[in-house]
Each structure stands twice: as C-alpha cells, then as structure tokens.
Amino acid sequence: MEDLHERHLCGGNAQALEQERERHRIENQNMSYRGRFAPSPTGPLHFGSLVSALASWLDARAHGGAWLVRVEDIDGPRTVPGAAEDILATLEAFGLHADEPPLCQSERTARYQEALEQLRDAGLVYPCGCTRKEISDSLLNARTRNTTLAYPGTCRNGLHGKPARAWRLRVPDGDAGRGVAGGITGDAATITFEDRWQGLQTQNLATEVGDFVLRRADDQWAYQLAVVVDDADAGITHIVRGADLMDSTARQIYLQRCLGVPTPRYLHVPVVTNGLGEKLSKQTGATALDPSRPLDALYAAAEHLKLEMSGRTQESLQAFYDAATTAWARRIETLRTITPQ
Numbered sequence: 001m002e003d004l005h006e007r008h009l010c011g012g013n014a015q016a017l018e019q020e021r022e023r024h025r026i027e028n029q030n031m032s033y034r035g036r037f038a039p040s041p042t043g044p045l046h047f048g049s050l051v052s053a054l055a056s057w058l059d060a061r062a063h064g065g066a067w068l069v070r071v072e073d074i075d076g077p078r079t080v081p082g083a084a085e086d087i088l089a090t091l092e093a094f095g096l097h098a099d100e101p102p103l104c105q106s107e108r109t110a111r112y113q114e115a116l117e118q119l120r121d122a123g124l125v126y127p128c129g130c131t132r133k134e135i136s137d138s139l140l141n142a143r144t145r146n147t148t149l150a151y152p153g154t155c156r157n158g159l160h161g162k163p164a165r166a167w168r169l170r171v172p173d174g175d176a177g178r179g180v181a182g183g184i185t186g187d188a189a190t191i192t193f194e195d196r197w198q199g200l201q202t203q204n205l206a207t208e209v210g211d212f213v214l215r216r217a218d219d220q221w222a223y224q225l226a227v228v229v230d231d232a233d234a235g236i237t238h239i240v241r242g243a244d245l246m247d248s249t250a251r252q253i254y255l256q257r258c259l260g261v262p263t264p265r266y267l268h269v270p271v272v273t274n275g276l277g278e279k280l281s282k283q284t285g286a287t288a289l290d291p292s293r294p295l296d297a298l299y300a301a302a303e304h305l306k307l308e309m310s311g312r313t314q315e316s317l318q319a320f321y322d323a324a325t326t327a328w329a330r331r332i333e334t335l336r337t338i339t340p341q
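All residue numbers for the sequence shown refer to full-length UniProt numbering, where the first residue is 1 and numbers rise by one.
Hints in this document: simulated from the structure, not taken from any laboratory.
All values derive from a computational prediction rather than experimental measurement.
In this text, a Cβ means the ideal position worked out from N, Cα and C, and glycines have one as well.
Worth double-checking, as some hints may not be accurate.
Unchecked claim - Straight-line distance between alpha carbons at most 30 Å, and here's what the computed DSS-like set of lysine-lysine pairs gives:
| id | residue 1 | residue 2 |
| --- | --- | --- |
| 1 | Lys-133 | Lys-282 |
| 2 | Lys-162 | Lys-133 |
| 3 | Lys-279 | Lys-306 |
| 4 | Lys-306 | Lys-133 |
| 5 | Lys-306 | Lys-282 |
As the list claims (entries may be wrong) - Derived CB-CB ranges, DEER-like:
| id | residue 1 | residue 2 | range |
| --- | --- | --- | --- |
| 6 | Thr-334 | Phe-47 | 22 to 28 Å |
| 7 | Glu-308 | Gly-260 | 38 to 44 Å |
| 8 | Thr-207 | Gly-277 | 25 to 31 Å |
| 9 | Asp-218 | Ala-89 | 27 to 33 Å |
With the hints as constraints, model all of the structure from the sequences given.
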C-alpha cells in the first residue's frame, strides 16, 4: 500500500496535499462509511490511544469503508515538536494504514474562521469578556444556591464594558419555547443520541454546559469547533473514539445542527485506565508504544475491546488484522444499530 504517512506530514506543501486529498475523496466518494482517528501531538502514541486507533480502523474495515487520520495540532501551547511525525510513524509500524493523506488542523484555521463567521451572521455566537476567575466565582456562588454549574451567560447580552476575550456559542434556554436565533428552538437544549457501544445518551446543554467556547481567549480555536468543521469537510460518517470524549458529543451534535452539516454515528469505547483507575495518559504514566513489538500491544488492545480472538494464533500483522476485523464484526452485531440524527 502507498505509504501516505511518511510522505505527508504537517507543514508540507499545503496546496499539493489538498489536491491529493481531493483526489482520494473523489475516489472514495461512493463509500457509505468514512471514519477517522484523530490524535493530538502532545507526546508519543501510547496504549490508550492505540485502543481508539484500532477500534476506529477495525470498524472502517468491517464496513468496507475508508479510514482517515487527522492530527489535532490546533492547540499550539500543548503541541510537542516532532510528536506528529512520531505518531504517524508508529501507526505505520503497526500496520494501521490510512486511506487518504493525513490532515493537520493547523492547516485549516481559515475554515474555522469561516464557520465562526457563519454562526455570527446567524446570531448564534457572541463575544465573551469573562476571565476564568470571574466564571469560577460565579459558579461558586451558584453552588451555594444549589443551582446549576453551567456557564452563567454573563456576556450574553453584552460585554458590560469588558474587552472581548473569547467567542461563545449560544445554546437554547432550557424553557420550552425560548430559543436562540437561526431557527433553533428551546427544545434543542436537550440532545439525545444513541451510542453504538454505550447506548442511549442525553445531555441538557442549558443546564449542564451553558454557552460554550468556540474561540479561546488565547486566540486558539476550541476543540469543539475544529472537530465539527473537520469531520463535516471530510465527509466523516462514523466516529469511533474513547468514552472520555462522550461529554463533548452533545455539544458537537448541536454545533452540527447550527452549521447545517450531517451528524455522524457515534461509538465510544471504554477508556484504558492505570492501576489507580485514572485514564491512561502522559500525565498518568503512559509510556510510548514499542514499534518493534506491535503484535503484543495489538493483542492487548483487542482484549481491552473484548474481541474474541481465540488466543494468540496470528503471528503477522495481516493475519492479526484479518482475525480482528472478523471479531470486531461479531462484536458490533451485539450493539444496537442506529441512524444519524
């Protein structure tokens, strides 16, 4: 297979990369399934990330679909130099080949600006001048009154003399019949979706989240906006990722509705934890994967995903993936089939 990872890294010839991505999109446009893996280059790939990568890859292969890789390097202060290249090389060593050239969020800031302007023109966003301390103090006061801890909407009706620091998306009020601009009604405050692994999920944005940030005070684009725009532009139909991102899904579905783009199907796999029950991450002691021993880690990831592999009988990457794809297909047969909202 053509080595797309090695030839296309963040910061390359943007025009040439986009032309090649467009060629692949045209070739794959008739596919009913387009999935993706979207690591953040804050360090090397570790076992927790491998579980998400493997699950998303297997789901794409089981559906006969395309699997893409997107490097989520939009958060400049957290991005580690060289980490994107290391992640892509590790995926290649593990045989997790993407079907299109990798995409880097740092190349797409103009698209995020376009989306923000679309929302602004529709009256769905507003500038916010609140500092973290001001928000924290407001929430502390709310806690003493036994009320909700969502963003209190301080700047909804104006900055009150404060300088603009961030941009927030206005979510519907919780009261029926009271909505926001752009044709989104108050009923949209409650987002319900069927997760293919976790089952029915519901979140009330008005009471549990509040108006949320799309562009941060440090001029960085927020994760919620970037991921929704990127998934829509890439034609992503299925999202398979860790359950730690479940809490973001309702916000992303609401933002998809505001932008008028399709909502993918979602599947959130159980997160990997350390001995203390903490999510495995660089901060909690996760170590880098060993590219020289991919099968050891892949079998452990398959076990975490509860795939019935009949023991370790495959000693090549191709044999492992053939067996794992079949096992994944059996596994998802036990999960509920859903339709996009």
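Comparing the hints with the structure gives:
1. Restraint check: the Cα-Cα separation between Lys-133 and Lys-282 comes to about 27 Å, which is no more than 30 Å; the hinted pair holds.
2. With a C-alpha separation of about 14 Å, the suggested pairing of Lys-162 with Lys-133 holds against the 30 Å cut-off.
3. With a C-alpha separation of about 18 Å, the suggested pair Lys-279 and Lys-306 falls inside the 30 Å cut-off, and the hint holds.
4. Proposed proximity of Lys-306 and Lys-133 is contradicted: the alpha carbons are some 43 Å apart, above 30 Å.
5. A distance of roughly 24 Å separates the Cα atoms of Lys-306 and Lys-282; the hinted pair therefore holds under the 30 Å criterion.
6. Range check, Thr-334 to Phe-47: about 24 Å between beta-carbon atoms, so the 22 to 28 Å window is met.
7. Checked against the hint of 38 to 44 Å, the C-beta distance between Glu-308 and Gly-260 comes to roughly 42 Å, which is consistent with it.
8. Separation of Thr-207 from Gly-277 is about 28 Å and conforms to the stated range, judged on CB atoms against 25 to 31 Å.
9. As the Cβ distance of Asp-218 to Ala-89 is approximately 30 Å, the hint placing it in 27 to 33 Å holds.
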